[in-house]
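Undergrad: In case you want the letters, here they are:
Number of protein chains: 2
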Amino acid sequence: MKKYEGFLIDLDGTMYRGTEKIDEAVSFVKTINEQNLPYLFVTNNSTRTKEQVAEKLVSFGVPAEPKHVLTTSMATAQYIKDEKKNAKVYFTGEAGLKQALSEAELIYEEENPDYVVIGMDQQITYEKLAKACLAVRKGAKFLSTNPDIALPTERGFLPGNGSLTAVVSVSTTVEPVFIGKPEPIIVEQALKALGTPKDKTIMIGDNYHTDIQAGLRAGVDTLLVYTGVTTKEAMKEIKESPTFAINSLSEWMF
Amino acid sequence: MKKYEGFLIDLDGTMYRGTEKIDEAVSFVKTINEQNLPYLFVTNNSTRTKEQVAEKLVSFGVPAEPKHVLTTSMATAQYIKDEKKNAKVYFTGEAGLKQALSEAELIYEEENPDYVVIGMDQQITYEKLAKACLAVRKGAKFLSTNPDIALPTERGFLPGNGSLTAVVSVSTTVEPVFIGKPEPIIVEQALKALGTPKDKTIMIGDNYHTDIQAGLRAGVDTLLVYTGVTTKEAMKEIKESPTFAINSLSEWMF
Numbered sequence: 006m007k008k009y010e011g012f013l014i015d016l017d018g019t020m021y022r023g024t025e026k027i028d029e030a031v032s033f034v035k036t037i038n039e040q041n042l043p044y045l046f047v048t049n050n051s052t053r054t055k056e057q058v059a060e061k062l063v064s065f066g067v068p069a070e071p072k073h074v075l076t077t078s079m080a081t082a083q084y085i086k087d088e089k090k091n092a093k094v095y096f097t098g099e100a101g102l103k104q105a106l107s108e109a110e111l112i113y114e115e116e117n118p119d120y121v122v123i124g125m126d127q128q129i130t131y132e133k134l135a136k137a138c139l140a141v142r143k144g145a146k147f148l149s150t151n152p153d154i155a156l157p158t159e160r161g162f163l164p165g166n167g168s169l170t171a172v173v174s175v176s177t178t179v180e181p182v183f184i185g186k187p188e189p190i191i192v193e194q195a196l197k198a199l200g201t202p203k204d205k206t207i208m209i210g211d212n213y214h215t216d217i218q219a220g221l222r223a224g225v226d227t228l229l230v231y232t233g234v235t236t237k238e239a240m241k242e243i244k245e246s247p248t249f250a251i252n253s254l255s256e257w258m259f
Numbered sequence: 006m007k008k009y010e011g012f013l014i015d016l017d018g019t020m021y022r023g024t025e026k027i028d029e030a031v032s033f034v035k036t037i038n039e040q041n042l043p044y045l046f047v048t049n050n051s052t053r054t055k056e057q058v059a060e061k062l063v064s065f066g067v068p069a070e071p072k073h074v075l076t077t078s079m080a081t082a083q084y085i086k087d088e089k090k091n092a093k094v095y096f097t098g099e100a101g102l103k104q105a106l107s108e109a110e111l112i113y114e115e116e117n118p119d120y121v122v123i124g125m126d127q128q129i130t131y132e133k134l135a136k137a138c139l140a141v142r143k144g145a146k147f148l149s150t151n152p153d154i155a156l157p158t159e160r161g162f163l164p165g166n167g168s169l170t171a172v173v174s175v176s177t178t179v180e181p182v183f184i185g186k187p188e189p190i191i192v193e194q195a196l197k198a199l200g201t202p203k204d205k206t207i208m209i210g211d212n213y214h215t216d217i218q219a220g221l222r223a224g225v226d227t228l229l230v231y232t233g234v235t236t237k238e239a240m241k242e243i244k245e246s247p248t249f250a251i252n253s254l255s256e257w258m259f
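As given, the protein sequences belong to chains F and B, one line each in that order. Heads up: the first sequence at position 46 corresponds to 51 in the numbering used here, and the numbers run straight through without jumps. Heads up: the second sequence at position 217 corresponds to 222 in the numbering used here, and the numbers run straight through without jumps.
Any given hint could turn out to be false.
Stated by the list, open to error - Partial selection, computed: residues in chain B whose CB lies under 7 Å from chain F:
| no. | residue |
| --- | --- |
| 1 | A109 |
| 2 | I112 |
| 3 | Y113 |
| 4 | Q127 |
| 5 | I129 |
| 6 | Y131 |
| 7 | L134 |
| 8 | A135 |
| 9 | L139 |
| 10 | A155 |
| 11 | L163 |
| 12 | S168 |
| 13 | A171 |
| 14 | V175 |
| 15 | H214 |
| 16 | I251 |
To be verified - These stretches of chain F come out as covered by chain B in the derived footprint (C-beta under 8 Å, 3 or more residues):
| no. | stretch |
| --- | --- |
| 17 | 50 to 63 |
| 18 | 116 to 128 |
Unchecked claim - Not close to chain B: a few residues of chain F, all C-beta gaps over 12 Å, as computed:
| no. | residue |
| --- | --- |
| 19 | T24 |
| 20 | K26 |
| 21 | I37 |
| 22 | G66 |
| 23 | E132 |
| 24 | K136 |
| 25 | V182 |
| 26 | P189 |
| 27 | A198 |
| 28 | D226 |
| 29 | Y231 |
| 30 | K241 |
Please keep in mind that the hints were generated in silico from the structure rather than gathered at the bench. Don't be surprised by glycine CBs; every beta carbon is placed ideally from N, CA and C.
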């Protein structure tokens, strides 16, 4: 079997389920880490900072530092920076997006931004959405950190960022560029950050429709692990298979 | 020409433009009123009460009482009441919707409502939208007062109720029943309220895609007046014409 040199790893459903760690995944990352193989956690969660994500992983015993994390907020900031240095950006979002945009030296601007970014924002208001609509209508490029329509919580499925983004896309009739999975952009950013060759890097996740699709679309090998959203049953209906599919990361042969 | 016995009349673009009255429309309604012909102002504005709408019209010299007003909030409340008396309803919205639901003896309920209604709400919050999504996922019937995607204001086009509704429809993948124009439901409610025969009632408005479409779909005659949104130029592209189209309501021959 091919020897992989770089690992892109999803979080929820792959490393943990909510507040419960997945032991096999923790051991898997420990092994990668001991072998000095580069890895990056790739998440559609736009609200947390890389420090917060690493902290949660460390609390589960996973060897993780902020440099091992690529949030969709960071990928969004990098995407803008690659297109236009010091761009003016209006955004809705929480700490993770705010920090990512600031660290990429992008400038906050409400009236005449170059970009509008919609990220998950539990403090969303009509005025925030109004400013986004006005700026997109004036010609700002419209980005969204991720297209997730629902957030699983103990209360049930709450509105995800894809549904908040719909206010602006429906009102302006402009479709955004989505950065997060299943779009390939976040995986392309991850490959660049990791620095390993595309054909020696693998994307690992529990959700066929986000993690695996993003990997397939970015042209990397993919590993589906049945510890989260996607079931074996559901995979019977799927045409384009992942490179590998296993029950748990303890089955992976290095 | 056919003698009409009932008149359904749009407001913005037909009776006034923002804060400026349209004199010919004021005279038109005065004439109808003097002839004791029944009329009803039919509006997609869900935020105002019928008293507030009548008050604005009176300030322009239009003979108008609350009984002459059918807002989409009132039509929504009537729609629910017709389906289920004393139904439990969760809604987002402002004074107009709140009053209409209350006057229809519908009961406010957040956890297990029979209906969820999304109406324009400038105080919208994530929590309000979350409650709507949870209830729709639990099986509550999903209504929206109107599908307008944008609100024209002096700042530009702000998000309309159709775009707020999209948060719930995108997140739950359930499509709402829209009550307001261009849907026929509000016109059907208006016909019932006015009590005039369908073939002797005419829907009057300035917007082909809302007012006239609603009339066409409800099967009443229609009168397009070029004092607002739709231009003569734009009508060249339209296949299904209104019954009449005139430059101003002063041209109407009674």
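Undergrad: Just double-check F/Y231 for me: nearest Cβ-Cβ distance to chain B has to come out over 12 Å.
TA: 24 Å, holds
Undergrad: Would you settle whether the hint for B/A109 is holds or violated, based on the nearest Cβ-Cβ distance to chain F being less than 7 Å?
TA: 26 Å, violated
Undergrad: Using the nearest Cβ pair, does B/V175 come within less than 7 Å of chain F?
TA: 4 Å, holds
Undergrad: Should the hint that B/I251 touches chain F count as held when the rule is a Cβ pair under 7 Å?
TA: 30 Å, violated
Undergrad: Measuring from the C-beta of B/A135 to each C-beta in chain F, is the shortest one below 7 Å?
TA: 5 Å, holds
Undergrad: Check whether three or more residues of the stretch 50 to 63 of chain F sit with their beta carbon closer than 8 Å to a beta carbon of chain B.
TA: The restraint on the stretch 50 to 63 of chain F is violated, since only 0 of its residues have a Cβ under 8 Å from chain B and three are required.
Undergrad: Please settle this one: F/K26 was flagged as non-interface, so is its CB more than 12 Å from every CB on chain B?
TA: 27 Å, holds
Undergrad: Does B/L134 pass the interface check with chain F, least Cβ-Cβ distance below 7 Å?
TA: 5 Å, holds
Undergrad: Has the stretch 116 to 128 of chain F got at least three residues whose CB is nearer than 8 Å to a CB belonging to chain B?
TA: Since three or more residues must qualify, the claim that chain B covers the stretch 116 to 128 of chain F holds, with 3 doing so at under 8 Å.
Undergrad: Go through the hint on B/A171 and say holds or violated, using the shortest Cβ distance to chain F against 7 Å.
TA: The hint holds - B/A171 has a Cβ within 7 Å of chain F, the shortest such distance being about 4 Å.
Undergrad: Beyond 12 Å from every Cβ of chain B: is that where the Cβ of F/T24 lies?
TA: At roughly 20 Å from the nearest Cβ of chain B, F/T24 sits farther out than 12 Å, so the non-interface label holds.
Undergrad: Find the nearest Cβ of chain B to the Cβ of F/E132 and say whether that gap is larger than 12 Å.
TA: 8 Å, violated
When held up to the earlier numbered hints, the structure conflicts with 1, 2, 3, 15, 16, 17, 23 and 24 and fits the remainder.
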